[in-house]
Structure formats: structure tokens, C-alpha cells
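*Asks:* Sequence:
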Amino acid sequence: MNGMRAPLCLDEEQVRQHLRIEELIPAMEKALIDFSAGKVTQPVRSVITVDPPGGFFGMMPALTPEGLGIKIVTFYATNTERSLPTHMATIFLVDPKTVAPLAVMDGRLITEMRTATVSAAATKLLASPNAQILTILGSGVQARSHIEGLRFVRSFEEIRVWSPTKAHAECFAKEIGARAMPAEAAVRGADVVVTVTNSKTSVLEGSWLKTGCHVNAVGACRPDWRELDDDTMRNVVFVDSREAAMKESGDIILSGAKIYAELGEALAGKVPSRANDTTIFKSLGMAVEDIAAALLVYRSMKTTL
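Everything in the sequence shown is counted per my numbering, starting at 1 for the first residue and increasing by one.
One thing to keep in mind: the hints can contain errors.
Claimed, not checked - For lysine-lysine, the following PhoX-like pairs were computed, each having C-alpha atoms within a straight-line distance of at most 20 Å:
no.	residue 1	residue 2
1	Lys39	Lys270
2	Lys270	Lys258
3	Lys39	Lys97
For the record, the hints were derived by calculation from the structure and aren't laboratory data. Fair warning: this is a prediction, and the values are worked out from it, not measured in the lab.
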């Protein structure tokens, strides 16, 4: 092998030991700023449909100022019947200078945590500094990770939960010390709303939102899926990637919504944040985020070897 070292192989538990939310939030801010500044080479995610069972296999490569790699991510809704995660992922990092393989690591937890910390970055910038009420529509993995991530940027006095399955909402609410409520009641008066469902049709209506509310819209990652109605999409819309949003986001495509800016542009101060307006951050997830998170894990792991 001419002195080439074998790549590090990290399972989910090893990734967990080397990934910290407080480090991940600024890393995601930098990744978004780099992406919007044109410093990243990243094609829009390539997706293969696997039918049956009706799943997706996605390929997400990126070359960033600091790293080079690819994430393979899968979404199989039917995995819930097998007590397996609906989303699974693997990240492959290589040395940008030599393309020597550096690491192969489980990407499920990275996907979970980087998604929540990108929403945290958006919330930090766009939500009221005095935000007190957080509403989560959904009760799965991303609902849990968003509560963890958002607590780093705002101090919420009340958390409300709704889920398409009432029993799931009640169980989740009990677990985290929140209140399970009908969707409209949960959203009315909330300062920050997070939509993290597998719904293919709208679960959030714009008429429920109070002026100045901030919404992190995380589900509905396909061009024919929705979580937000047209009324919601008439507010100030931020995206992680314009190109990806116009190809992948049913909320954007089907509503004909006008995209105000990429989040990275606002984080860099290139456009006003519009934080006094009602803001929507449509998050699709990007490879640059995965590479940045994987590099944090890799560098932390290297210091302990």
C-alpha cells in the first residue's frame, strides 16, 4: 500500500463520543456561509427510488475548503415495522490533496445532529431573542434532536408537541416534559415552530402563525411532498440551497414561493435577516454539512489515538 494507512472505521457510538452540539452549531454556520459564498463544489443530491419497498437511496458528494467526501443516505419508511431507523447513512472521507481514504463512519447520527444544529443556527439568527414557546410537529428522531439543539440558542419556557399519531405525541411529550396538543392549538402563539414529520400533505397552516414566528421546516424532502400550506409559504423564505430547493422541495415548488435568501447569505450578513418578520427556513440538508460534521469527528478521533 506504499505506506497508506487503512481508513478509520467508526460506528455510531464512536461518532457520538466525538460530536458535540456546541461545536457543531458554529461548524454548520461556517459550512452554510462557505456554500453560499461559492467555496463549495456540491451537486444536488442524486436519488434512486427503490420500489418495492418504496424507499430512496441518495448520494451526496461535496468538496469543501477543508474536506472531500460523500454521504450515502437511505430513507425506508417501512423500516419502522422492523424496529429499524427510517434513515440510515454512511460517510466516506478522503484527503483532498491525495484522495487517500481517511475514514468511513456511520452517518445516521451525524445526519440527525447536523440537521438539528442547522435549524439551531437558523433559529439563533431568525427567531425572536425572547422566544419562549417552542412547538414541535412530529415525534420521531428529529423531534428529539431539535429540542436538544435549539436549547443551545434559546431558553424556552414551554414546549408543545403534536404528532399525526396522538399516542406518539403524548408519549414523547411525557418523555421531554412538554404538552401534547392539537396542531392548531400547539402552533398558535408559538415563537418557534419545527415541522419534522413524514407527511406528504400540509400539517401547518399559515393562518395559525403569530407575526414574527420562526419556522424550521425539515420534512417533505421530495418535490411532491408538503408540510407547509401556501399561506405559510407567503412569508420570508430562507433555504439552505436555492438549487436544491427548486429541485427537491415540494413546499417551494408546489406553492410557487419566492425564495428570499440562502441561510448562508444571511449568516454572512450579505442580506438582512428579516428577523422581525415571520420567517421560514426550508431545510433539505446538504453534503457540505455532513463533511463538516464528519471532519469534527475525524479530527477529535485522531487526537485520542
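*Asks:* Of the hints stated earlier, which fail here?
*Replies:* The structure breaks none of the hints.
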